[in-house]
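J.: Chain by chain, the residues run as shown.
2 protein chains.
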Amino acid sequence: MISFNEKLDRYAELAVKIGVNIQPNQFLYISTSTDNVELVRLITKKAYEAGAKQVFVDFADDQINRLRYELAPADSFDFYPHWKTEERNWLAEQGAAFISIVSQSPDLLAGIESSRISAFQKATGKALSKYREYAQSDKISWNVIAASSKDWAAKVFPELPQDQQVEQLWNAIFKAVRVDVADPIQAWKTLDESLHDKVSYLNEKKYHKLHYRAPGTDLTIELPKNHLWCGGGSVNVNGKEFMANMPTEEVFTAPFKTGVNGFVSSTKPLSYGGNIIDQFKITFENGRIVDVSAEQGEEVLKQLVATDEGSHYLGEVALVPHNSPISQSGLLFYNTLFDENASNHLAIGSAYAFNIEGGKTMSREDIAENGLNQSLTHVDFMIGSDKMDIDGITEDNNVEPIFRQGSWAF
Amino acid sequence: MISFNEKLDRYAELAVKIGVNIQPNQFLYISTSTDNVELVRLITKKAYEAGAKQVFVDFADDQINRLRYELAPADSFDFYPHWKTEERNWLAEQGAAFISIVSQSPDLLAGIESSRISAFQKATGKALSKYREYAQSDKISWNVIAASSKDWAAKVFPELPQDQQVEQLWNAIFKAVRVDVADPIQAWKTLDESLHDKVSYLNEKKYHKLHYRAPGTDLTIELPKNHLWCGGGSVNVNGKEFMANMPTEEVFTAPFKTGVNGFVSSTKPLSYGGNIIDQFKITFENGRIVDVSAEQGEEVLKQLVATDEGSHYLGEVALVPHNSPISQSGLLFYNTLFDENASNHLAIGSAYAFNIEGGKTMSREDIAENGLNQSLTHVDFMIGSDKMDIDGITEDNNVEPIFRQGSWAF
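First to last, the sequence lines map onto chains D and A. Take the numbering used here: the final residue in the first sequence is number 670, and no numbers are missing along the way. Take the numbering used here: the final residue in the second sequence is number 670, and no numbers are missing along the way.
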């Protein structure tokens, strides 16, 4: 039986060794809530022990954040501090690694005027566009992990007594990131290989289109000619491996921006900007979102789609079998890092440059010419279920099963 | 009986209303340790309620800070992030208010190589020189308050059981900042008036020199011709009152840089850069420090004096009677914010421009020509006791008592 402290220590080790794979003399930037001080201290220690030059921690506080949304003047939300932009850009240029720890309550901003949220999301998107280009073209090593927190745990385990919720969410996180197995680092290597097998298969197939069918869903997604599937570990511009998400169970590529037609329905709630969007349906014509409706959070969803021109299009198509470990837990995390790894998903917004051949070193213009979407935003949403079939359609119109009833069919 | 939460709430109110006196549409910047999240949330709320435009919180973590000093490469300590400099400078230019919350353990950096500490202190001093000019010439409203923390409280109350230390230090802080009286805001106004009375008396006297006598001390300090005594509330460039320190019991002015002669002995330990310097003696010739010795922390003291040319001279001379409330508590806080307000003190390093007539709007060059010291650093140290006599020497060599046996003599 491994103690909590030991698990937390292993988790920190995974983030540093597998997540961003810190190199001697590298800078590390950690963005986190104040709730996660203990974990951040462990990560910092491991990073310095691995030779990090300096660890910069950007602490935010969820309650202070909410106070701002509640009380600050209405016209103050389009401001993003230029020194924070400079911090990320400068560190990215120096080849720093970036760890984000997510722990926010899915309902943190419930009841806040959505125009305030969207104004700040937009300002953030603009301010961090250069940083996002770095991340989306593998120029830097980056990693997203999660930490249990009181309010988030209460949302995931509403039926449990309050004093057990945080611990239960930690257990679920530790399980999802394979901290509780005998050799976590080896477990990640095994996972990485199995995802790379799927990637190799799909990259050999070079499907022209994917066709999704499920209750509420009939969607065709064209893929760029030179698309690449990815999954598991990535390799940065300096040839160093890193793992962008922990957990990760997906393989994914970029859609052809104007080649998406039909409609798709969500199968899990989406927590976006501290609000929940649930039971929603999106209709596409030639790639563009022409209609959205939601039983919950429709206004927030509409504001998301209205962020910019690119937020009317998709930027990612990802495959996760319904029998993946996180899906099998039966838990709804109300957190994309977990829920997207329990379900097929798509992303509204910008595509990853590395999802086309040569994309990592292409100009923005060339990336767009290859049919990849660009946007200030990138928001995944879940569409998978055990009722979903997906076909791959080849260049010469052969139809081949990829998913049947939510699971791999090859 | 007022509850702890109520006292903390009043304290936050004092910091916002009396400390920086937040105005509508003003920015507020708070620097704090992660230990003080609750207090920061309260201050943030009060600031927004008073009309603040945005509250920026710069959280640091003491343990993470120490990890860096222990584990980072030796050549990495002369780096201060330029984006942090830009943050302060930009906000200062926008007329932001600045609150610092101190809670650090006096021993935080005990055992760390002093060259690492002095390298970073020097880098910080350089990086924040423009900000310091803003603060030292009353161009901005700024305020320093304290918060109890585990390690600091253990140092102040080593004889108490561990579970009572933090609470006892809070009680001492609340008492020192007059949170536990019926009307704290009125109490601060009364204090302010009594300090201003002393200030008026001394400013009318226009003493040419001060002469300090006590065991281990025989020191003469010349004052600039146009020196001004200050104490209690300040007024910023926009005519708004603020209180730079809470607590504050001192009246102070600037010495004439090259007019300090003799020797002075410390009467309380000084916590500087996470290390304690104790039982030290400093000798001056024509203003310059020509000899230092200390029973504890001598190396750290020498590094402090060696920071730059200006750190070889004094920048502040402050009077606090030995019967001041904080002194009467009999506590040794190992924290300058408190200990300096229990004792006469001096400061090594830069002088406040507002301590000479017209100084707030003078150029750096004019300030220096008027005999005020300039430096990257400003560190107060305590010299007062119930055995200290101070005379004021007028321009025509009359000798008048200012302090006798540690108390006001007029």
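Hints in this document: simulated from the structure, not taken from any laboratory. Heads up, some of the hints might be wrong.
For chains that are exact copies, the list does not tell them apart, and a pair is met inside one copy or across any two.
Dumping the calculated DSS-like pairs for lysine-lysine here, alpha-carbon to alpha-carbon at most 27 Å [to be verified]:
id, residue 1, residue 2
1, Lys386, Lys469
2, Lys647, Lys541
3, Lys267, Lys390
4, Lys399, Lys344
5, Lys435, Lys485
6, Lys382, Lys435
7, Lys267, Lys410
J.: Each hint should be assessed against the structure and marked as holding or not.
T.: Hint by hint, here is what the structure shows:
no.: 1; hint: Lys386 to Lys469; verdict: neither (32 Å within a copy, 59 Å between copies)
no.: 2; hint: Lys647 to Lys541; verdict: within (16 Å within a copy, 81 Å between copies)
no.: 3; hint: Lys267 to Lys390; verdict: neither (35 Å within a copy, 46 Å between copies)
no.: 4; hint: Lys399 to Lys344; verdict: both (19 Å within a copy, 24 Å between copies)
no.: 5; hint: Lys435 to Lys485; verdict: neither (38 Å within a copy, 73 Å between copies)
no.: 6; hint: Lys382 to Lys435; verdict: neither (35 Å within a copy, 46 Å between copies)
no.: 7; hint: Lys267 to Lys410; verdict: both (19 Å within a copy, 26 Å between copies)
The structure is inconsistent with the numbered hints 1, 3, 5 and 6, although it conforms to all the rest.
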